[in-house]
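Starting from the structure of chain A, add chain B where the hints point.
Protein chains: 2
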Amino acid sequence: MPLKPALLLAALALPLPAIAQPAPAEVAKLRDAALKDEIAWDITEGLTTEIGPRLAGTADEARARRWAVAKLKALGFSNVRVEPYQMPVWVRGEEKGAIVGSFAQPLDLTALGNSGATPAAGIEAEVVYFPTLADLEAAPAASLAGKIAFVSHAMHAAQDGSSYGPFGQVRRIGPAIAARKGAAAILIRSIGTDYHRNPHTGVTTFPQGTAPIPAAALSVPDAEQLERVLDRGKPVRVKLLLTPRQIGMRESGNVIAEVPGRDAKAGVVLVGGHLDSWDLGTGAIDDASGVAITAAAAKRIMAAGRPRRTIRVVWFGAEEVGGFGGEAYAKAHAGERHALAAESDFGADRIWKFDTALPATAAPVADRLATALAPLGITRGNALAGDGTDIGPVLATGVAAVDLSQDGTRYFDYHHTPDDTLDKIDRAQLQQNVAAWTAMLAIVANAPEEIGSVERPQRDH
Amino acid sequence: MPLKPALLLAALALPLPAIAQPAPAEVAKLRDAALKDEIAWDITEGLTTEIGPRLAGTADEARARRWAVAKLKALGFSNVRVEPYQMPVWVRGEEKGAIVGSFAQPLDLTALGNSGATPAAGIEAEVVYFPTLADLEAAPAASLAGKIAFVSHAMHAAQDGSSYGPFGQVRRIGPAIAARKGAAAILIRSIGTDYHRNPHTGVTTFPQGTAPIPAAALSVPDAEQLERVLDRGKPVRVKLLLTPRQIGMRESGNVIAEVPGRDAKAGVVLVGGHLDSWDLGTGAIDDASGVAITAAAAKRIMAAGRPRRTIRVVWFGAEEVGGFGGEAYAKAHAGERHALAAESDFGADRIWKFDTALPATAAPVADRLATALAPLGITRGNALAGDGTDIGPVLATGVAAVDLSQDGTRYFDYHHTPDDTLDKIDRAQLQQNVAAWTAMLAIVANAPEEIGSVERPQRDH
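Top to bottom, those sequences are chains A and B. Read in order, the letters of the first sequence are residues 1 to 461 in the working numbering. Read in order, the letters of the second sequence are residues 1 to 461 in the working numbering.
Please note: incorrect hints may appear among the correct ones.
No copy labels: a pair is met if it fits in one copy or bridges any two.
[What the hints assert, rightly or not] Derived DSSO-like pairs (lysine-lysine); straight-line CA-CA distance at most 30 Å: (1) K234 with K73; (2) K234 with K147; (3) K73 with K181; (4) K239 with K147; (5) K239 with K96.
Because the hints were derived from the structure by calculation, they are not lab data.
Okay, chain A solo, but in the shape it has when bound (with noise of 0.2 Å):
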């Protein structure tokens, strides 16, 4: 029985009733049976092997919706359907570097999303080394005209990720500022922190006005080998071929599963991650995991009966070439309450942490978590929640968050590569993911409390 808002308004000065939220032992038991899930490696399992590479806007990542739309519908979620919207695509062609001269030897280097392409023949040209994006952002005007930039920076490995942050600005702007001062084009050591020859690509934006140039990132082993031979102090030559396209515009979609609540009043619970992926690898950490850890809680959620509140599992697409799926979403969505929102899509490592956005009405919400999460060896973290690329422009609108941090160690050992393939994913942290969701879920879709909006400062998605 749904609870009426001033009954629950009522009841928050006093010890809450029974009915009213799941007792912590149906909680403990839905987390616990949750460790043995197999629904979520069923599903990342599925999707990387039938499906395998998805890029945002192609004919694969429609393939992906359809398997999508067959395997929630399978689980048995309601209101199975795609959202459908329009985005602009672009395609990897063939890409080769070398170094030439004395040195002579080729390099292993993928383009970025966005790249502009080099002529059919190549260019070859000087390379002009910056340590970090500092030193390129010092370059006086037109310096780098009819040379290639060859940007480094010094990522490494952070159990939160956060290297990510700062060390990917290489990737993000380094490019167009290049372009500005005139390259013919750059080369990124790549925003990773492994050591193998797997370059890792991912997206890069040159403004309106700005015109691409070809931007590829070095694996880790070839940049520094670039770096090597740098030192030698003699001037090195680089010949290049990158030949993405621009295609247009084109069709992608949000594919999205409910599991329908009692209490339409009390808000939407949304959950989800990405279902396109880069065209390299075949997406299992980025982001098939996330789309399986979410779906597997929410059908454990619904096997055990109707929440009070609707949970709804949105796989997104095209996450990873701008956040277009999560644009699309927030607009087609915007008259219609929200009361919470939470992202799986760093892996599928353990869970360490939690951290929350909620309004102080719902405060007791926080504490069920901790208690639930504990068991789990899961902390809780003192940041407001409101992480993820594409239920960002939902919590823009003040909707309150759950983050469930996963472990991100190795996390950019693999992120963008095409190394980025089943084997990465750990069954059994998988299951620790798939457990933190269900219990979370189970607290939040039957929180007695009203949900409602949370101020938080403007984020930069």
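Using the frame of chain A, we list chain B on its own:
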């Protein structure tokens, strides 16, 4: 002063005079100084950086020989020279693979050395799966007509590298077996122990009368992906494009350098590794580190004073593609007396064991080795020494041997892949190798005992 053989034989029954061998304290001093060696790193870094990949018989290998001659002369070795020979050369072309049909996706693969080529448009055929080489062998004659054989295996890492023997057969003879059964092509699971999208190349052999077919290794993640797709139970078709070529006879060569000894009659101590590498990586563990370790140790002995026996350092050519350098060396030096041979060709991780093959008259040498190597954590094995493709033809004539066995636990993670790069070298372990080789050479090159020939069973090199 060199000991005269007659005097030496007389001395064998008596306590050895101090002049006959370096005192254990002197060996220990040389050994421990080598733990700070920088020569081996300098060679490994230089060869992998300034030359990079150096496939046998190509201009890159010729460039490596010129680099090697300059380096060995700069280190002060005597009689630095190239001994050339002719050999057949195979070069890689384009390589692409993809599953077609309902689970369409690219496959990461690389051609095996001596692979045949597909037509320029590629081939497309149904895959027939064999879990092991024995299963392929059991397939009825002609049963693979027009099909692509796919052979897997269960190779796992072993500290002594012993899994390479049996599982490597999938690569060495699998393609010829598939060809004889009519296969249009063969794919194998990489002979490797890692989970990265870096396929392992390596040579295969099509005997006279068996026409080469296209033969490629899938990276381990791709092989497991193909197995999962096949597990879905429907016919699976693969598209394959491989355009390698045999380009005929070309020049290769062995680079030779010496530390002249005092006693020409005592026989040469032959040490070395191979200068060529596969074309995918920069050949850091295979085998820049081997040529570096052996040369660094010889240089340290040279710096300590003239040894009794000449130490000959050989950086063999064309090991990877069939041991042409080792064969050419044995032929060119057939008339010469070798006292002992030892090879380093298993990466740069720490030495954990040594074995010997010594005549009874030189048995005390092994005891002295045990004493000198124990402080490095190196234990005495009970096998008959005789490892090494390059020194194999010399050993086959009855020459004594020492094996310094490296930890190979991670060797087959990188072996023959693009990932064989400088960053895989652990400097401290590289130094431990140099220390062990230095101690070994101090003892062996100065041993007062006669080191005559040994009986050994026929080995399959």
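We went through each hint and held it up to the structure:
1. With identical chains, the CA atoms of K234 and K73 are at most 30 Å apart between copies only, with a shortest distance of 23 Å across copies and 62 Å within one.
2. With identical chains, the CA atoms of K234 and K147 are at most 30 Å apart within one copy only, with a shortest distance of 15 Å there and 52 Å across copies.
3. When the C-alpha separation of K73 and K181 is checked against a cutoff of 30 Å, the pair qualifies neither within a copy, at 52 Å, nor between copies, at 46 Å.
4. For a Cα distance limit of 30 Å, the shortest separation of K239 from K147 inside one copy, 11 Å, qualifies, whereas the shortest one across copies, 39 Å, does not.
5. In this assembly of identical chains, the alpha carbons of K239 and K96 lie at most 30 Å apart whether taken from the same copy (8 Å) or from different copies (22 Å).
Consistency note: the structure conflicts with earlier hint 3 alone.
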